[in-house]
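Chemist: Produce the complete structure using the sequences and hints provided.
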Amino acid sequence: MPSQVCIEIAKALTDGEWHPTSYFTAVAGKFVRPEVAWRNAHTNGKKGSIASGRQRAVRGVLRDWWKAGKVERKVTGRQASWRILNNDWLSSYLSNGVKE
4 MPSQVCIEIA
14 KALTDGEWHP
24 TSYFTAVAGK
34 FVRPEVAWRN
44 AHTNGKKGSI
54 ASGRQRAVRG
64 VLRDWWKAGK
74 VERKVTGRQA
84 SWRILNNDWL
94 SSYLSNGVKE
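Going by the working numbering, the first residue of the sequence shown is number 4, and it counts up by one from there.
Incorrect hints may have been included.
What the hints assert, rightly or not - Using 30 angstroms as the maximum straight-line C-alpha spacing, the simulated BS3-like pairs for lysine-lysine come out as follows:
id, residue 1, residue 2
1, LYS14, LYS77
2, LYS50, LYS70
3, LYS33, LYS77
4, LYS33, LYS49
5, LYS33, LYS50
6, LYS50, LYS77
7, LYS70, LYS33
Stated by the list, open to error - Beta-carbon label-pair distances, calculated as ranges:
id, residue 1, residue 2, range
8, ASP67, ASN47, 15 to 25 angstroms
9, SER95, LYS50, 38 to 48 angstroms
10, GLY48, GLY19, 32 to 42 angstroms
11, GLU38, THR79, 26 to 36 angstroms
12, PRO37, ASP67, 15 to 25 angstroms
It should be emphasised that the hints constitute simulated quantities derived from the structure, not laboratory data.
For glycine and all other residues, C-beta sits at the position ideal for the given N, C-alpha and C.
Modeler: Encoded structure:
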């Protein structure tokens, strides 16, 4: 079963519009457990907050889907925006809970 974070990101992608990473962090970041967010924020000697760890977790899901060719990424300056490339995998992902 996909995690709640992945499900919430997938739901946000269904409209097909471009959304910045901060949008997905606001929608799905609250489902990242605090201990996981803290661990994500303190990797490689970095000292971050739980909020930055949640952002890093959400960004990791989006990056993995981008590498798999499921979402499209557009970078403008320092801000990345994301949108769905193919709704076929998304509809089966949300309806059946099929792993990515």
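Chemist: Any hints this thing doesn't respect? Which numbers, in order?
Modeler: Checked against the structure, no hint fails, so every one of them is satisfied.
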